[in-house]
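Throw the hints in and build the complete structure from the sequences for me.
Protein sequence lines, in the order shown, are assigned to chains P and U. For the first sequence, the positions run 0 to 281 when numbering that gives the first Met the number 0 is used. For the second sequence, the positions run 0 to 359 when numbering that gives the first Met the number 0 is used.
Since the hints were derived computationally from the structure, they do not count as laboratory data. Among the hints, erroneous ones may be present.
What the hints assert, rightly or not - In silico lysine-lysine, DSSO-like type, Cα no more than 27 Å apart, as pairs:
no. : chain 1 : residue 1 : chain 2 : residue 2
1   : P       : LYS216    : U       : LYS44
2   : P       : LYS214    : U       : LYS44
3   : U       : LYS332    : U       : LYS359
4   : P       : LYS217    : U       : LYS44
5   : U       : LYS359    : U       : LYS279
Each chain is listed here by its residues.
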Amino acid sequence: MNQDIEARKQELLKEGYEEVYTRTKVLTDAVMHYCPGCGHGTTHRLIAEVIDEMGIQDNVVGVSPVGCSVLAYNYFDVDFQEAAHGRAPAVATAIKRLNPDTYVFTYQGDGDLAAIGTAETIHAANRGENMTMIFVNNGIYGMTGGQMAPTTLVGMRSATTPYGRRVDLNGYPLRMTELLSTLPGTYYVTRQSVQNPAAVRKAKAAIRKAFENQKLKKGLSFVEILSNCNSGWKMTPVAANKWMEDNMMPNYPIGDIKVDGKIVEGIDANRLVLDHPLTVMQ
Amino acid sequence: MARELQLMKGNEAIARAMIASGCDGYFGYPITPQSEVMETLMAEKPWETTGMTVLQAESEVASINMVYGGAATGKKVATSSSSPGISLMQEGLTYLAGAEIPCLVVNVMRGGPGLGTIQPSQSDYFQSTKGGGHGDYQLYTLAPASVQEMYDFVFDAWDIAFKYRNPVLILSDGAIGQCMEKLYTRDYVPRWTEEERRANAPWGTWGKPATRNHNIITSLELDSARQEVFNLKLQAKYAEMKEKEVRYEMLNCDDAEYIIVAYGSSSRIAMKAMQMAREKGIKVGLFRLITLFPFPTKQLAEVAAHVKGILCVEMSAGQMIEDVKLATKCGVKTEHFGRFGGIIPTPGEVLEALENKIIK
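This is how it looks when you write it as structure tokens:
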């Protein structure tokens, strides 16, 4: 930790303050490059806390994608590999196969995981690779400047859909998480978000479960995290979170889809087979 | 398994050498004419004996990225394919070179372009030695000319790959992959223990102990000044390979008036053509390339200084000939002879080309 911060902390403790929260040691001191208000920072922290709490910092390998989180390896104080665009599930497959007792996780965005890396994602899931995949979905290509992603909503504006996504031109948004839940190789499939403290707590529990599952060796654990992309959406962070709740969440419902290898009771079958029309945004 | 005389296909030799040389993992995708590599591995079930992992991937794109992931943990990891599949792997290869990950890639060449043909060819020389993917990088490229060398070069590949932290390419072709020859097997080299892996690959992502900083495997550097330093480091590595790791073979070059330069299958044909020429009283030698990168520039130039002409024999439209002319600074008459599209030239055709293009 930064020495100035540490010194100030010691002063405050002497003055009688109590430490109620501290940053996990699994995050490095590097200053994150993410836009303020973006969900990446929070999601990184949750993963790091889970690694810390499970005591596996010396036995975990992460794989970062190409996209906003390409530099994730600078922020986690664990061994890390940076994969080519979309290839993280293939990279992680081999890490896990050759090091079966190591905890392996991938961290990808929607363009990386659901567009250019669709084949690697589906086949890693279908093989039941015993690893954890974290999928941050903000419905846009953030790093390259806000172009349409496979998860961009119908009607949603982006740099390459300046008049809104049109089904006749661009096809439908891809619900990758529902799709993966239909494959027998997935053991845990869930969608979470990190826009408020309640959501953060649930997301952390999901990430913890997804890591704990690796001990069982029963298949892939997949956690989608809905995030705003306030700069790409051209909104303030607060407005972007509101917009996410109003528009993203009806189309990408929050909650567990598959737990312990079984589809959760009450999940709409139409949602899983993906023939349920998505809401058209105004 | 000890040293033993066996009869087998080149592709099978590759697979058996991987197991015998302590390879930790193979990731591949079927493609003619090299599918016997993975078929042999799957039939041998090395995961039950040496503990080697074998996995059939969903594509060559996936298999080369599996090589990236596995090899970056400091283990000996390999893949194999044939020309169209190797083209798909070019993205992965440039990332492997850029992240300095040692690994083994085998290309059993077939004719192109496009889907081309499934018969043997040597038309991937440029792709292999001039950088098939983007950016300034080189693969250490070995060209076996026999089933025995298919086997032996797998053992050699690991030494070079880990010494230089660089991918090694074995550039073979459908003729050597498919033909059966005798070969002497070697004693098994055990897979590295956990301690050996950590000692041999201190840079690997094998789990960060409290005693070191986290290891990062990446080919990304956003700071131009630092990326230039990295590029210079790579170039220094390739220069060292050129200085220390060149391999070639000379036959009858001492008194030769003419030489044939060839590698792989073509060198076998050229050898016969050389014998036929010698029987006719024409003093012909053979300069066989074993490493295509690094190219034996100095050694070839020394030989070329004493001959009247050079015939380059290659199953392509003439790719290797460019490096031959650069090595000799075009100081001696040099011509290309080759067949392509999967056609293998006969020794008679090579001799005829030598007489018509060089000696005449």
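For each hint, the structure was consulted:
1. P/LYS216 <-> U/LYS44: Judged against 27 Å, a Cα distance of about 21 Å means the pair holds.
2. P/LYS214 <-> U/LYS44: holds, 25 Å
3. U/LYS332 <-> U/LYS359: With Cα atoms ~12 Å apart, U/LYS332 and U/LYS359 stay inside 27 Å; holds.
4. P/LYS217 <-> U/LYS44: Within the cut-off at roughly 23 Å; holds.
5. U/LYS359 <-> U/LYS279: holds, 15 Å
In summary, this structure violates none of the numbered hints.
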